[in-house]
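Protein chains: 4
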Amino acid sequence: MTNFQEPIYDVAQLAHVELLSPKLEESVDFFTRFLGMEVTARAGQSVYLRAYEDFYHNTLKITVAEEAGVGHIGWRATSPQALQRRVEEIEKTGLGRGWIDGDIGHGEAYQFTTPDGHLMEIFWEVDYFKAEEHQKSKLLNRPTKRPDRGVPVRRLDHINLMTSNPGVDTQFMIDTLGFRLREQIQDNGNVLGSWMSVSNLVHEIAYMQEPNREKGKLHHLCYWYGIPQNLYDVADLLKDHGCFIEVPPNKHGVSQAFCMYVYEPGGNRIELFGDAGYIITDPAWEPVIWQMEDVPGNGDTWIGTAFPESWWVRGTPVTSPEVVKP
Amino acid sequence: MTNFQEPIYDVAQLAHVELLSPKLEESVDFFTRFLGMEVTARAGQSVYLRAYEDFYHNTLKITVAEEAGVGHIGWRATSPQALQRRVEEIEKTGLGRGWIDGDIGHGEAYQFTTPDGHLMEIFWEVDYFKAEEHQKSKLLNRPTKRPDRGVPVRRLDHINLMTSNPGVDTQFMIDTLGFRLREQIQDNGNVLGSWMSVSNLVHEIAYMQEPNREKGKLHHLCYWYGIPQNLYDVADLLKDHGCFIEVPPNKHGVSQAFCMYVYEPGGNRIELFGDAGYIITDPAWEPVIWQMEDVPGNGDTWIGTAFPESWWVRGTPVTSPEVVKP
Amino acid sequence: MTNFQEPIYDVAQLAHVELLSPKLEESVDFFTRFLGMEVTARAGQSVYLRAYEDFYHNTLKITVAEEAGVGHIGWRATSPQALQRRVEEIEKTGLGRGWIDGDIGHGEAYQFTTPDGHLMEIFWEVDYFKAEEHQKSKLLNRPTKRPDRGVPVRRLDHINLMTSNPGVDTQFMIDTLGFRLREQIQDNGNVLGSWMSVSNLVHEIAYMQEPNREKGKLHHLCYWYGIPQNLYDVADLLKDHGCFIEVPPNKHGVSQAFCMYVYEPGGNRIELFGDAGYIITDPAWEPVIWQMEDVPGNGDTWIGTAFPESWWVRGTPVTSPEVVKP
Amino acid sequence: MTNFQEPIYDVAQLAHVELLSPKLEESVDFFTRFLGMEVTARAGQSVYLRAYEDFYHNTLKITVAEEAGVGHIGWRATSPQALQRRVEEIEKTGLGRGWIDGDIGHGEAYQFTTPDGHLMEIFWEVDYFKAEEHQKSKLLNRPTKRPDRGVPVRRLDHINLMTSNPGVDTQFMIDTLGFRLREQIQDNGNVLGSWMSVSNLVHEIAYMQEPNREKGKLHHLCYWYGIPQNLYDVADLLKDHGCFIEVPPNKHGVSQAFCMYVYEPGGNRIELFGDAGYIITDPAWEPVIWQMEDVPGNGDTWIGTAFPESWWVRGTPVTSPEVVKP
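Residue numbers (UniProt numbering), protein chains in the order written: chain A, 1 to 326; chain B, 1 to 326; chain C, 1 to 326; chain D, 1 to 326.
There could be a bad hint or two in this list.
As the list makes no split between identical chains, a pair holds if one copy fits it or if it spans any two.
Once the Cα atoms are required to be at most 16 Å apart in a straight line, the calculated EDC-like pairs of lysine to aspartate or glutamate come out as [as the list claims (entries may be wrong)]:
(1) Lys215 with Glu67
(2) Lys136 with Asp294
(3) Lys23 with Glu66
(4) Lys136 with Asp148
(5) Lys130 with Glu38
Since the hints were made in silico from the structure, they are not lab data.
Using the sequences and the hints, build the whole thing.
Encoded structure:
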């Protein structure tokens, strides 16, 4: 291990995600009424939201669009210097799009696409959420009071993208942005899925194979509870109110996450994360490589029934007519 | 923020802790029977143990001693280069003790003391636990099967030390080892307690004021469940079997940890950690500073009854006769 | 056991309770906003409410009054014949008050007082809650959908009354109404508390000694979750919104109930019940008699800190100035 | 409702069940090691066990047999008089088998079969479990300490039998033993399943249609936790130790039970019950009748994936070769 390469830590976190929705107000109603999120701004065709333990102004932007999907993904750099270093690396790949002035909630950002065409941006300056007096918690480490609506999620967790070529996108995230590979599913040497992080979590981003090799799709966006029972509470609430639950509470083998998957009214898949999975603190972590035949329980379920076909093949925008729409 | 200083990440994790116990076999029985830990080695006056999701050979060494307390605290560096950098910093302080050959479970280590006199060591080379075939889980990210004994803890979490001067020790950990301050309790400008980490967790180490300004005491060692209900399960088990529970399940304000405190038979306080608290991903995190009068619920309890006097004053070794012994 | 006396089963259940509140609208806001209950009627100085799994029109009536306390307690008989038998027994005691025409939610009722002066009534005819189409759950055994407000309680559970003489009231409930004694706390032969039921639950009613031997007070009214984690969720919510939690989540020794106690804004103590305690199915159940010195944990706590003094001495209306008001 | 018929309460509870196992010691190991049960006697080809909150000497008898299945089902009467009344009713049906002297744990019992041929017995005299001093809990309402093995179940809950004709057996239990129908699944007027109780619980016994109209099979036996998280804990334990989980944690629509189904090594299906479902206290309860098309989630699942085919068709003894054996 004497040749151990020192890791790069230039991306700090997943800071926000823009979802596209053909049913903007219904989507906003879902996130606020059932998941207890808060609208912090509206501008043009977009609504900005945050969970009650998100520290920044917003972590979710929902924008009207004809089809569901992901607009862009926002990464915060670890420092201004780190931002510069990453922009230089991105520019070498020819995938850079250039700087934008920023958006509600953050300052200037450098935009780029991944090999599969997902739009991303990286930035340093952020706006913290400023709670009004009546919104403040006496918990100084909690930016706002726990909401009295729905079963409130606590913070943004991660994003999972479908890609025409997981191996290529995985390598891009590692080489260009400094992500570390934590777990991977392979099949005869092909990469079917990758879980990557820049933290002690197993992933801020995951890639999955799009079965028809279509590009640029969203698999899911995930918000976090950290309390297993809350998945049952929210599932009970959603079931009674007619929301579609694709995967009821279930424990992944990969990442050990206690998870659940629902569709928001716009059609995007949302994961709700019920515990802390496991934490990686080993600096020399060797990626856990699963061969497809070893993935537990007929498709990555440790405690739970095998995931439905739709979970494996449906991303947004939905392009194959045979794929179930909610 | 343009002058933001890039963080140092040279310590990766709390790797192991040595506890001292006047009742070695009773202590071992407590950790194995009730907390489901496993003995991985015995040598001389010491027994080595691990939890079922600890990846290394051991995370706990219990050594016979006349009095309870902490033997030493082992940190793993982020890389061989990081180890060298930290040793140089430590040597500048005059608190270095020099290199040792290692111990069961890790290679050569550099030992030093903190200003308060706690013995620590830092190293790079570790031995991973090698499960025998019948011990292996089909979960490739879990090093051994979940035990069928007690309510099994999953991994080592953090250590909390009592010190004659928390301000001085806090600064040492920040300046010399690169820890970041996450939360702090102050009283009229004096530091009463500090929570520090080198990760997304709120702390791998905390310091608390020893009320009589005695040096070198242990407040507690913490193992992690991540599942809130498990604290009730283990409390029920421990209560029925006559173990002393100093603080029943309770939610700290500082760190938001869902916690519980018990005394192992040797007399050391053990924390059991029931959830994930909250996670810090903001690279520019400003430490949360609590003034003593703002600490929730009459002494750092958010949901729960005020902690007993003993929790605030008793460290091991117990030196004040008036302090409750279990 | 051949002389085993066949039990009487003439009271079926606790059907509703009337609370008195000097702050009617604030009390209603508490039950609807934080506990997710629903207002089903308003009439005169009263508001009627139900939890989402209560099958009847209402289980809680809150009436304006100068002081907090209990208005009356409503029992449903097991059959019309059982109602007649019980009225005959009550009339023998001289404590009968006579028939009333009924109230919103139930038909004619026979009113009486207990020896301590608590007003009760017994009846047969009830009105079931009739959900409108949009309120109906697809769960046919759930009368309405799970609410999207607060952490919603599921159903009325039990009532606990303070009395000047628990022994006398206990005997009245057994002899006159057919309750069975399940658990009791005694001190030197004196009855300090009794838990009684007409079901497999440990209690629909409990009596506790009022320390100043004052009459007619309420100790608490209890609603049920059945899910332990929900107590932590609602405690977190209430704490953030400034509600007074007298006893955070705790496990009683007596009844094994996982409990929590809060004050509603009118001043009455409300228990929230987090699990199922234990169930009595043995038809020859011998009451569990606790001597005060055997009551666990310094005052009936199995897992949790000793209950505060206020829990032992404060009933509503509050008559002793030294007792804490919220 | 003036003609409301007063209910009969002559059966008090499900007191014990005899399972048949071709792998006696493996079955005993499963119940003791993973479910924390205790062997209280061994005699001949049988082993007797209890859970730690079972009050009687035993609730489970496992007897060696060539095929898995149920030996007999033991009901305790509400009183000696109730026993006599029930025996008279049974004898009228011609299904009586006569008195036996009793067995380890209970006194003389009257044996009979149901129309489908399941062997049952009813009795009054029971032996309570007498804990030795070191086994006693300080909780006087808990007959023995919580075990330190596995994830310990708390008490026997109910039995579910497969029958060639659920309508006929349901009527027998109601007319002859005094059970009350709580919920039922019908299909075009045919009874497919019935849930019946003599308590506030939804069922002590359920009947399901055996698809090939074979007689005398067991669907499952159920032990109770009452704590939802414990299902995940025991599922994790069982999964790691290679036990077959047929249905991972799931919430039934019928009965609202939070459930899980596993096969013990002898081949019998065991349900583990994670919460309290809902409680029936209404004395005039109208059975909830589900039409097959209204049963939630493609086969009686409220929160969870549809039950596998095996759950609907496999009883023990397994007679159809095409049915999955674990």
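Going down the list of hints, with the structure as the test:
For the identical chains of this complex, Lys215 and Glu67 are intra-copy neighbours only, at 14 Å inside a copy versus 55 Å across copies, given an alpha-carbon limit of 16 Å. In this homomeric assembly, Lys136 and Asp294 come within 16 Å of each other (Cα to Cα) only across copies, at 13 Å, whereas the closest approach inside a single copy is 48 Å. In the homo-oligomer, the alpha carbons of Lys23 and Glu66 lie at most 16 Å apart inside one protomer (9 Å), although the nearest pairing across protomers, at 51 Å, exceeds that limit. Taking the shortest alpha-carbon separations for Lys136 and Asp148, only the intra-copy value of 14 Å comes in at or below 16 Å, while the best inter-copy value is 22 Å.
Proximity of Lys130 to Glu38 under the C-alpha cut-off of 16 Å is restricted to the intra-copy arrangement: shortest distance 13 Å within a copy versus 33 Å between copies.
Comparing the model with each earlier hint shows no violations; every hint is respected.
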